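Take the two lone chains, each set in its own frame, and fit them into one complex as the hints suggest.
For the record, the sequence lines run as chains A and B.
Here the first sequence stands for residues 24 to 339, where the numbers follow our numbering.
Here the second sequence stands for residues 558 to 857, where the numbers follow our numbering.
Hint data in this document are derived by calculation from the structure and do not stem from the laboratory.
Quantities reported herein were computed from a predicted structural model and do not represent experimental measurements.
Backbone N, C-alpha and C define an ideal beta-carbon position, used for all residues, glycine too.
Accuracy of the hints is not assured; some may be wrong.
Heads up, incomplete: computed chain A residues facing chain B, CB under 10 Å, no partners named [as the list claims (entries may be wrong)]:
#, residue
1, I41
2, T46
3, P54
4, P57
5, L137
6, A138
7, V165
8, S271
9, L272
10, L273
11, V305
12, Q306
13, A314
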Amino acid sequence: MILVLIRRLGSAIPILLIVTLITFGMIHMIPGDPAAAIAGITATPDQIAQIRHNLGLDKPLASQLVHWYANLLHGDLGTSLLLGQPVLYAVAVRLPVTIGLSAYALVITLILGLASGIIAALKQNTWIDQAAMVFAMFGISVPNFYLGLLMIIVFAVDLGWVPTGGYVAFADDPWGWFVCMTLPAISLALLLIGLLARITRSTMLEVLRQDYIRTARAKGLPQRKIVIKHALSNALIPIVTVIGIIVSLLISGSVVTETLFSIPGMGQLLTQAVLNRDYPMVQGGLLILTALLVLVNIGVDVLYAFLDPRVRYDAA
Amino acid sequence: MPPDIAIGATVLTEAQDPPRRHPAAVALQRLLHHRLFVTGLALFAIILLAAVLAPWIAPTDPNQLSMRQTFQPPSWAHPFGTDNFGRSLWSRVIYGAQLSMLIGISVVAINATIGTAIGAASGYFRRIDNVVMRVNDALMAFPAILLAIAITAVLGPSIGDVIIALGIVYTPRTARIVRSSVIVLREMEYVQAAVAAGAGHWRILRRHILPNAMAPLIVQLSFLFAYAVLTEATLSFLGVGAVPPTPTWGNIMADGRQYMTDAPWIIAIPGAALMITVLGLNMLGDGLRDVLDPRLRIQQ
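For reference, chain B alone in the conformation it holds in the complex (with noise of 0.2 Å):
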C-alpha cells in the first residue's frame, strides 16, 4: 500500500472490491519469482530453442558422413567434435534434441488428453471405475521400462511406436492421479448445487471438475514430460527405441560406447544434453509444485 494513504482512507479501500486479478496471473507472478522454476525454466528452454532453431544453428546434415573427418575432438570447426563416421555430433545432438522434444510433446498431450478423460470419467461415474482402475493398477504393476521395451518389442523400432509404448506406460499413472482428484471434487457443494441447478454430466465435468483437478496434473506432467525424454533415450540406448542412424541421443551414446576410451566427447556431450533437459523439467516441476499444489510438497 502506497504510504500516503490516510488510515481513516483504508476503510474506504477496504471496503470496495480489491481488483480482482485472475489466478493464473497470480500463479504465473509467483512461479516468476521461484527460484527453482526460473532456473529449470531456463535449463529447459536451451534445449527448446536448440530443437526448434535446429534447421539454422546447425547446418550439416546429421546423417552426412565424412570419412577423412572421424573422431575430431571438439574445436571452432566441429563444435561438439565428430563420431566414428566423421558426422558432425553439433548436428547430431542438436537434432536429437528435436527427437526428445516431440517425442516428450507427444507422450505428454497423450496423456493429457486420453490420461484426463480415463481418470475423469473413472472418478466421476463410479460405475466404471472398478473395472477401469483393475486395468489401470495392472498396468501400473509393470515395471515401466520393461513394459515400454516389451510393447516397442511387439510394436517395432520407430519413433512413433516408441510414442505410443511410453503413451500406455505413462497414461494409467496420469489417469490415477485425475481420477483422486475428481473423486474429491465431485462431493464438492459447488458440485452439488450444479447438479441441482440442473447442469448436465458433461457440464459439470468441464466446467466445474476438471479446472479445479488442473494443478497437480500439470505438475504431474512436467515430470511426465521428463519421464519420457529418460525412458526414450534409454530404450535407444539399449537398442531397441529408434533405429539407427537415428540421432536420438541414446542411438548417440550407444554408438559412442565402443570408442569411449578415445572419443569420450561422443558419449559426454548427449549425455549432458540429455542430463540439462531432465535436470530443467525436475526443477521446473519442483517449482510448479510449490506454487501450484502446495500439498503436495508433503509427499515427496
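With the rest of the complex left out, here is chain A (with noise of 0.2 Å):
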C-alpha cells in the first residue's frame, strides 16, 4: 500500500507540474494587453502600468514563471485584486464552506445513491428497479440549477420551511447550518445519486452473477448475508473508484449552487473574481481546488489498493 501511495505520488508531480504551467499561462492568454484588461477601460495609462508592475507583467515571462514557481513554493499565490487580502488567505476563509456542503451531498449521495443501486439490482427488471433507472435518468439529466431554483420557488418562497438563501456557520449554529444547506445539499446530490445509483447497480449485476454468490446461495446462506458479506463487499471496489470523479463533480457543481443560494464559499469567490478581472484569484482558486482534487484521487487509489489485495500484488 505504502508502494501504490508511493507511485501515485510521483505521477502526480508531473501532472501538478503541468496544472501550475497551465494555471501560469491563463494570465497571458488574455488576448491583447492583460493589464489593460484587468485595469478595464477607464483606467488611465498610469494605473495599467502600475497593474503591469503589481503582477510583474512587465518582466521577461521567464523571470514571471521562476518568480511564479518561487512564490508557489513559498505559499504565496499573491494578492486578489478584488479583496486587497493575499489569495490564499481568501480561500483559507471560504473553502470550508464549500467542504462543508460537499460533504453533506457526499452523505446524501452516498446513503441514497447506493441503497437505490443496490435494490434495483435485487429486484432486476420489476417496477422498483424501473422506477429507480427512470429516477436516476432524470437525476442525471436535471441540471442543478434548475432544481435549485425549483426548490426554492416551492420550499423557501411557496411553503417558508427554509431561507431562500444564506449562510450560517456550523459551529455559530449546527442547527441552522443544516437548515440552510439542505436544499442546496439536495440540489448539488441529485446528479451525483443518479450516477452513483446507475453505477451501483450495473456493477451489482455484474457481482450478483458471478459463481461465488451461487455457492453462497446453494450452501444456504440467507439473502441478507449473501447481498452484504458477498456481492456487496466486492462491488464496492469498483465503486470506490469513482469517488474521484463524484468530488471533481461536487466541486464543479457547488460554483452554480452557491451562487444560487448566496453560500459564501470557493464557488461564489471565483466566480465573483472571474466577473470582475480578478485574475490572481482566479489562478490562485483554480490551482487550490485542483491539486486538492489531485490528491482526493491519490487518497482514492491508495483506499481502492487497500480494498482490493489485487492491486497491491500489481504494484509490488
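Structural data, given as C-alpha cells:
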C-alpha cells in the first residue's frame, strides 16, 4: 500500500507541474494587453502600468515563471485585486464552507445512490428497478441550478420551510447550518445520486452473476448475508474508483449551487473573481481546488489498493 | 425463416452465403427497436426542430422589447409568456434552442476531429504518448466547470469563446477514450497483417484502426453534446457566458431569477427545455451504448 502511495504521488508530480504551468499561462492568454484588460476601460495609462508592475507582467516571461514557482513553494499565490487580501487567505476562509456543503451532499449521495442502486439490482426488471432507473435518468439530466431554483420556489418561497439562501457557520449554530444547507446539498447531490445509482446497479448485477454468489446461495446462506457480505463488499471496490469523479463533480457543481443560494464558498469567490477580472484570485483558486482534487484521487487509489489486494500485488 | 422451406433445403440455404448486410444497417435497425434510444431521439428532435425552424415558428425578434406587455403569463397570444421587458419568451426560448444546438454541435465537432486526432496519434505513436497524455491528464485534473469559467474569463464572453472553452475542457476526455481503443486495436493481428503487407501509418490508422474505434467515440460524443449544452447554460446562468441580451437558456433563467415568485414561467420554461435536451441526449447515448458498445454497459 505504501508502494501504491509512493507510485501515485510520483505520477501526480508531473500532472501538478503541468497544472501550475497552465494556470500560470492563463494570464498570458488574455487577448491584447493583460494589464489593460484587468484595469478595465476607464483606467489611465498610469494605473495600467501600476497593475503591470504589481503583477510582474513587465518582467521577461522566464523570470515571471521562476518567480511564480518560487512564490508557489512559499505558499504565496499573490494578492486578490478585488479583495486586497492574499489569495491564500481568501481561499482559507471560503474553502471550509465549500467542503462542508460538499461533504453534506456526498453523504446524501452515498446513502441514496448506493441504496437505490442495490435495491434496483436485487429487484432487476421489476417496477422498482424501472422506477429507480427512471429516477436516476432524471437525476443525471436535471440541471442542478434548475432543480435548485424550483426547490427555492416551492420550499422557500411558497412553503417557507427554509430560507431562500444565506449561510450560518456550523460552529455558530449547527441546526441553522443544517437548515440552510439542506436545499443546496440536495440540488448538488441529485446528479451524483443518479450517477452512483446507475453504476452501483450495473456493478451489483455483474457481481450477482458470479459463481461465488451461486455457491453462497447453494450452501443456504440467508439473502441478507449474501447481499451484504458477498455481493456488496465486492461491488464496492469498482464503485470506490468513481469517488474521484464524484468529488470533481461536487466541486464543479458547488460553483453554481453556492451562487444560487448565496453561500459564501469557493464557488461564489471564483465567480465574483471572474466577473471582476480578478485574475490572481482566479488562478489561485483554480490551482488550489485542482491540487485538492489530485490529492483526493491519490487517496482514492490508496483506498482502492487497501480494499482490493489484487491491486497491491500488481503494484509490488 | 419462412415455414414453407423443407428441412432438406435448409442445408442448401446454409451452404450459400447469407446476404451480407452493412454493420451500420444492422446497428441502425437494432437502435430503432431500442425504446430508450427512440424516446431520447424524439425528445432531442423536438429541440433540434425548434432550432432549425426558428425563423418560421418564432416570427418575433427574441430581443424585441414591448414595455406594455411585461410579465404576461403563458397564453394564446404569448405561448410561453413574456419577461420583465415584455420580450416574447416563445421567441427567446426557441432562439435559445438554436444557440444551444450550435454550441453542442460545435463542441462535438471539435472533439470528433481534434480529440480523435490527439487520441489516435497518442495511442498509435508510442513515442509521443507519454508527453501528450501527461498534458491531457493535467487538463482533465481541473474541475470541468471551473476550467471553463477560467477560460472564458481569459478569452471573453462571446458564444465563440464559450465554444473554445468547452472544446478545451472536453477534448482531453475524448482523446483519452480514442487512445484507449487505439492501443488495443494496434496490437490486433489484422493490423500486423496490414503492416506486413506494407501499408503506411496513415492508411493503417484510417482504414484499419479508426473505423473500429468509432463505437465508443460515438457513444462519448452523444453524452458530450449533453455536457456541452448543460455547461454552457451553467456559464450563462452564472453570468460568465455569452453576454445578455443573447437569448441563451442560461441567460433567460438568470434574468428571471429576480422575478421567480411572480413570474416563475420565465425560469421554468427555458429550464424545462434544457432538461428535455439533456434527458433526450442521455437516453440516446444510453441506447447507443447498449447497441454499439455492450462492453461499456458494465462501467456505467
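Status of the hints after comparison with the structure:
no. : hint : result
1   : I41  : holds, 4 Å
2   : T46  : holds, 8 Å
3   : P54  : holds, 7 Å
4   : P57  : holds, 9 Å
5   : L137 : violated, 16 Å
6   : A138 : violated, 18 Å
7   : V165 : holds, 6 Å
8   : S271 : holds, 5 Å
9   : L272 : holds, 8 Å
10  : L273 : holds, 9 Å
11  : V305 : holds, 5 Å
12  : Q306 : holds, 8 Å
13  : A314 : holds, 9 Å
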